[in-house]
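Number of protein chains: 2
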Amino acid sequence: MDTRVQPRDQRIVILAEGSFGILESKTATVLVRYLPENVVAVIDSVNAGKDVSEILEIGEGIPVVGSLSEALKFQPTMLAIGISPPGGKLPQAWRDVLYKAIDHNMHVMSGLHQFLSEDAELAERANRHDVVLWDARKPPSGLPVATCKANDVDATVVLTVGADCRVGKMLAGIEITHALRKAGLNAEFGPTGQNGIMVWGWGIAVDAVISDFTAGAAERIVLEGAENRDVLIVEGQGSLVHPGYSGVTLSLLHGSMPDAMIFCHQPSRKIVARYTVPLPPIDDLIQQYEMLAKPIKPAKVIGIALNCFDLTEIEALRVIEDVEEQTGLPATDVVRFGSEKLVDAIQKIHPAKR
Amino acid sequence: MDTRVQPRDQRIVILAEGSFGILESKTATVLVRYLPENVVAVIDSVNAGKDVSEILEIGEGIPVVGSLSEALKFQPTMLAIGISPPGGKLPQAWRDVLYKAIDHNMHVMSGLHQFLSEDAELAERANRHDVVLWDARKPPSGLPVATCKANDVDATVVLTVGADCRVGKMLAGIEITHALRKAGLNAEFGPTGQNGIMVWGWGIAVDAVISDFTAGAAERIVLEGAENRDVLIVEGQGSLVHPGYSGVTLSLLHGSMPDAMIFCHQPSRKIVARYTVPLPPIDDLIQQYEMLAKPIKPAKVIGIALNCFDLTEIEALRVIEDVEEQTGLPATDVVRFGSEKLVDAIQKIHPAKR
Numbered sequence: 008m009d010t011r012v013q014p015r016d017q018r019i020v021i022l023a024e025g026s027f028g029i030l031e032s033k034t035a036t037v038l039v040r041y042l043p044e045n046v047v048a049v050i051d052s053v054n055a056g057k058d059v060s061e062i063l064e065i066g067e068g069i070p071v072v073g074s075l076s077e078a079l080k081f082q083p084t085m086l087a088i089g090i091s092p093p094g095g096k097l098p099q100a101w102r103d104v105l106y107k108a109i110d111h112n113m114h115v116m117s118g119l120h121q122f123l124s125e126d127a128e129l130a131e132r133a134n135r136h137d138v139v140l141w142d143a144r145k146p147p148s149g150l151p152v153a154t155c156k157a158n159d160v161d162a163t164v165v166l167t168v169g170a171d172c173r174v175g176k177m178l179a180g181i182e183i184t185h186a187l188r189k190a191g192l193n194a195e196f197g198p199t200g201q202n203g204i205m206v207w208g209w210g211i212a213v214d215a216v217i218s219d220f221t222a223g224a225a226e227r228i229v230l231e232g233a234e235n236r237d238v239l240i241v242e243g244q245g246s247l248v249h250p251g252y253s254g255v256t257l258s259l260l261h262g263s264m265p266d267a268m269i270f271c272h273q274p275s276r277k278i279v280a281r282y283t284v285p286l287p288p289i290d291d292l293i294q295q296y297e298m299l300a301k302p303i304k305p306a307k308v309i310g311i312a313l314n315c316f317d318l319t320e321i322e323a324l325r326v327i328e329d330v331e332e333q334t335g336l337p338a339t340d341v342v343r344f345g346s347e348k349l350v351d352a353i354q355k356i357h358p359a360k361r
Numbered sequence: 008m009d010t011r012v013q014p015r016d017q018r019i020v021i022l023a024e025g026s027f028g029i030l031e032s033k034t035a036t037v038l039v040r041y042l043p044e045n046v047v048a049v050i051d052s053v054n055a056g057k058d059v060s061e062i063l064e065i066g067e068g069i070p071v072v073g074s075l076s077e078a079l080k081f082q083p084t085m086l087a088i089g090i091s092p093p094g095g096k097l098p099q100a101w102r103d104v105l106y107k108a109i110d111h112n113m114h115v116m117s118g119l120h121q122f123l124s125e126d127a128e129l130a131e132r133a134n135r136h137d138v139v140l141w142d143a144r145k146p147p148s149g150l151p152v153a154t155c156k157a158n159d160v161d162a163t164v165v166l167t168v169g170a171d172c173r174v175g176k177m178l179a180g181i182e183i184t185h186a187l188r189k190a191g192l193n194a195e196f197g198p199t200g201q202n203g204i205m206v207w208g209w210g211i212a213v214d215a216v217i218s219d220f221t222a223g224a225a226e227r228i229v230l231e232g233a234e235n236r237d238v239l240i241v242e243g244q245g246s247l248v249h250p251g252y253s254g255v256t257l258s259l260l261h262g263s264m265p266d267a268m269i270f271c272h273q274p275s276r277k278i279v280a281r282y283t284v285p286l287p288p289i290d291d292l293i294q295q296y297e298m299l300a301k302p303i304k305p306a307k308v309i310g311i312a313l314n315c316f317d318l319t320e321i322e323a324l325r326v327i328e329d330v331e332e333q334t335g336l337p338a339t340d341v342v343r344f345g346s347e348k349l350v351d352a353i354q355k356i357h358p359a360k361r
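From first to last, the protein sequence lines stand for chains A and B. My numbering applies: residue 8 is where the first sequence begins, and numbers increase by one. My numbering applies: residue 8 is where the second sequence begins, and numbers increase by one.
Keep in mind that the hints were calculated from the coordinates and are not lab data. Mixed in with the good hints there might be a few duds.
Which copy is meant is left open, because identical chains are indistinguishable; a pair holds if it fits in one copy or across any two.
To be verified - For lysine-lysine, the following DSBU-like pairs were computed, each having C-alpha atoms within a straight-line distance of at most 30 Å:
| no. | residue 1 | residue 2 |
| --- | --- | --- |
| 1 | LYS57 | LYS33 |
| 2 | LYS96 | LYS156 |
| 3 | LYS304 | LYS355 |
| 4 | LYS301 | LYS277 |
| 5 | LYS156 | LYS33 |
| 6 | LYS348 | LYS307 |
| 7 | LYS348 | LYS107 |
Just so it is clear, the structure is predicted and the values come from calculations on it, not from any experiment.
Make a model of the complete structure from these sequences and hints.
Next comes the structure, spelled out in structure tokens:
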């Protein structure tokens, strides 16, 4: 990554035209959650005039505006593409917005499959204005086939795994990392997807890596992220039962060689999102992860992060209790009830490794 | 694929300099086995003057020569790169041979990770001589995220899975396809790796596909290969316990949605090749494949293909008997003892689907 575009140093405008607050704007939501000091405005003409907190329940004080022109008064230095269209392509309609942002000397941050930096017209324009087109999804070159070197690091490595996409593996990873730091541990987070990379400033989008080298990418993340750390929390992707992405999930498990796993789930989710595949019971899923980890490096699921955003507090507490009883593992909703239980579980295994 | 380079229409010289007959020349061996009518010579100065059959026990009548110049007398129309260097890169020393081949109006067929067609110098030269640089590993553009459409085909789909790389998944697939045809079924083989693609003339090298779309590539192979067929045998890749390639393996399983699996193994293999990972018992491995198939589409292992090339006939027969007893499944070495048992197993489930 070009050090000029570390998101924590930018004044960011998020492009979420027509989609802010809905499922397709996950990137926008994540940026608001984890870079609230940096996000100066969100572009979405549908919600223009509102405060971000009226839509997301976070991001109080950040305005939604109708256009980039309106956002310019906040002196932005970066435009972030905040939504992920199916297929990952840049809609033709957004090009004018990007041109305008570049003409106003803003960097552009994107997590699209289609790399902005490889678009001749955008690249030429960015070059002329000396700004960076940062494709968070673009993998580094020279990734290896995995070699099992991730097993050699001193840090305790914990992988967040899950029942499906979009159940909170990245969010659990970041929240646990923050909580470990609060508890006095030298913890790092290893992002493996574009959203985590955007908010955390480093990582590799493993789903954009050629499949022969995907486990090698996970290994690289561990070797880099574990250096001089007590604990590394690696962001998981997908699920072992996801028809499209299960291979990415298994590559991450075998490439990162974790010492333990945190299982993430959204209790209200009964089928794989966008498919008709029913989700197996939590116990079965946990057993699958442990069974597949075992031949390469045994690792247990030591805690459960439940995403209860769509449940009442009473419902959430009940489901957490049920899952704890069913699995015998500590469970929590890290956003609602904090990560302490999971920090305790990690601390229990951490000294054992060292 | 450019229809001008269908390998069955070519007079092929295989480049296997310094490596013919050893593990790194798997491509050369496969071409000799399945395109014996097309291979006119093998280049390897170390073995020059020998007959191919002195080295491989197949390919009688095909000469090994010391250089491309010597091979020209056989009027070749295609040079095939027959060895896979670690990392997949084109060694500098081979460039001169490729230039010479192109200058003699030969097409070039390659399974290297580094695509010849994207090499400016080679591409320019090939263009000038109106020959094709065919990168068997280069995936088509526009592959989708898997959608579970592979479940809709009428053909019975069988995936060859295995304990490790290089245990005979491609070979079993091709042998079974031939045997099914002999038995009167309209069978097709779906290649998923460069060697299978080279000998069979179509397919997608799934390990060269970006990991988000690897299961989608498997789905594409099934949709194309199953059309108007009774049975499609899909070539498996890697293994669920392979530290580097397990993700490719699982993508294939979930993307191709087989009705049944054939488990392939080399009984003498005790650890994952090139790693220190011990191979679990066959039963455990079979259980893993069935367990992972189940949530997306249940499929059983219905037969076992054992690669006993390094055992005596008596040892081979004994190990086949042992494995049949241990698993309760029909087992054979398809090269040594034929594929009939596996054809029977497939025929048993085939009418059930239709």
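How the hints compare with the structure:
Proximity of LYS57 and LYS33 under a CA criterion of 30 Å is satisfied intra-copy only: 19 Å inside one chain copy versus 64 Å between copies. Only between protomers do LYS96 and LYS156 lie at most 30 Å apart by alpha-carbon distance; the minimum there is 22 Å, versus 35 Å within a single protomer. Taking the shortest alpha-carbon separations for LYS304 and LYS355, only the intra-copy value of 19 Å comes in at or below 30 Å, while the best inter-copy value is 38 Å. In this homomeric assembly, LYS301 and LYS277 come within 30 Å of each other (Cα to Cα) both inside a single copy, at 27 Å, and across copies, at 16 Å.
In this assembly of identical chains, the alpha carbons of LYS156 and LYS33 lie at most 30 Å apart only when taken from different copies (27 Å versus 33 Å within one copy). Proximity of LYS348 and LYS307 under a CA criterion of 30 Å is satisfied intra-copy only: 16 Å inside one chain copy versus 40 Å between copies. Taking CA atoms no more than 30 Å apart as the test, LYS348 paired with LYS107 passes in neither setting, with 47 Å inside one copy and 67 Å between copies.
The structure fails hint 7 only (numbered hints given earlier).
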